[in-house]
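*Asks:* Work out the full structure: start from the sequences and follow the hints.
Just so you know, the protein sequences line up as chains A and B, in that order. Going by the numbering used here, the residue at position 210 of the first sequence is 441; the numbering climbs one at a time, nothing skipped. Going by the numbering used here, the residue at position 37 of the second sequence is 74; the numbering climbs one at a time, nothing skipped.
Check each hint, because a few of them may be wrong.
Claimed, not checked - When the alpha-carbon atoms are kept at most 25 angstroms apart in a straight line, the in silico DMTMM-like pairs for lysine to aspartate or glutamate are as follows: (1) B:LYS244 with B:GLU261; (2) A:LYS467 with B:ASP195; (3) B:LYS179 with A:GLU471.
Simulated from the structure, these hints should not be mistaken for laboratory data.
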Amino acid sequence: MPSLSSLFQVPWGDYAGSLGGGLLRTLAYTLASFAGAAVVGLGLALMRLSRLRIVRIPAGIYTEIFKNVPLLAIIFVTYFGLPSLGIRFDVFVAGVLSLVLFYAAYLSEIFRAAIAGIHPGQNEAAQALGLGRVTTFGRVVLPQALRLALPGTNTMFVDLLKSTSLLVTISAAELMTQAQLIASETFRALEVYLVIAAIYFVVCYPVSQCLLWLERTIQAGVPLSLGRRRRLRLAKALLEGKA
Amino acid sequence: MADATTEAARGAAGTGKPLAVKIAGLRKSFDGRTVLGGIDLDVPAGKIVSIIGQSGGGKTTLMRCVNLLELPDGGTITINGEPICGNGAVTCKDLPKLRQRVGMVFQRFNLFPHLTAVENVILAQMHAASVPEREAVERAVKLLTRVGLAHRAMAYPDQMSGGEQQRVAIARALALGPTVLLFDEPTSALDPESTGEVLTVMRELAKDGMTMILVTHELPFAREVSDWVVFIDGGRIVEQGTAADLFDHPREARTIAYVSRHAAPA
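*Replies:* Rendered as structure tokens:
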């Protein structure tokens, strides 16, 4: 049984720079992919809720395909496969594109369920008040759907952050790729990968806790937008006879 | 007989007031099942018309046609002189504007659960009627005060009783300055105490001269506030008249049966 001191022998100080760079890369992949996946996912969800079959069906097919294909296969096709068709992406674009394609399918399922979960009476009430379709969606349906979608979306965000580690297979310069380099230089795989796992944990845990806090705050009805705060302040002042 | 009651309606309605709502030959069916089989109804400005009858008789569908939440298959509806639909097509040029003039209160309130009471009253003012923010907030506070809920302005719908929610819904409909208010069984989902609160607000509105169409099972209330009562069954108007006529001297067998079943002393 090796002692703790014999377990930790890698000169981590020398690798701080490459680890920091890798971590930033990981975060960049995560944020870019999540933003893209959220936009595409919302579009897909809206398509799947359309009354027109011709709009609904392609979105359904897309979702089923990308939900049932491994992420690693998507990464390999985009980065190693497409160049044979003359389509060449730089590694960051290929990585983000793969993650967007994959996670958009999952997010669209979450968003679709959330939007479909809004009571039809909400749409009717909005219409009866003369709100147009776009305003009704933006001001009545979407804010409520976001609340319903938040728990599932948060889980997906953390899942996506961890999945960026698969990009090690295309040497994406993110955290796991750095880990692989350090391991091959030092021949201390156990130590290196334990430390990397710990770094992922130290990033992911606070993120999921923050998202949980956001979930609870929104659920409790705390107004987050400046416009709402301003209107509520004004209403309060009027009620107290101060405005 | 039908012609005679229509004549009577014109007679009673023809008090020289302009018509707020005129419905002629209105037809609607769902999947081949006729829900409205030719309805004629005049609602003069400032009057209150109650629609009574069995569930499934077409009352709610009739009401939902008036603000075009349902598109009728045939017949015409005219609001304040403007034809809004005819022969199964919308002729109203500005649908949002129409809905601001014809407010609606639902059986299940349908408040926006993600917004506070005061924001529920603000939303459509700003985003449908383009009222400036400050004015919208001021009017919302004023209206909540009017329905006795100033102290609940900052509450969310799920923190309010059914009666409070329905009163907020009335304030929300009033905020757009409608000329006609539609009430679709506004007290059916409420306990007796909440029903009392909501009826008090509606009584006030009646006193202020608001034109109202009311679908209800609250016959004592219908009798108290209505200028005109219409009994609908099987998608047709079976009988109509003043509250006293219809409740005290119903002539049609179906009306007699319905009234005697529902008009137990309140």
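*Asks:* Indicate, hint by hint, whether the structure satisfies it.
*Replies:* Right, here's what the structure says about each hint:
1. B:LYS244 with B:GLU261: The hint holds at about 12 angstroms.
2. A:LYS467 with B:ASP195: holds, 20 angstroms
3. B:LYS179 with A:GLU471: holds, 12 angstroms
Figure legend: structure checked against the earlier numbered hints; every hint is met.
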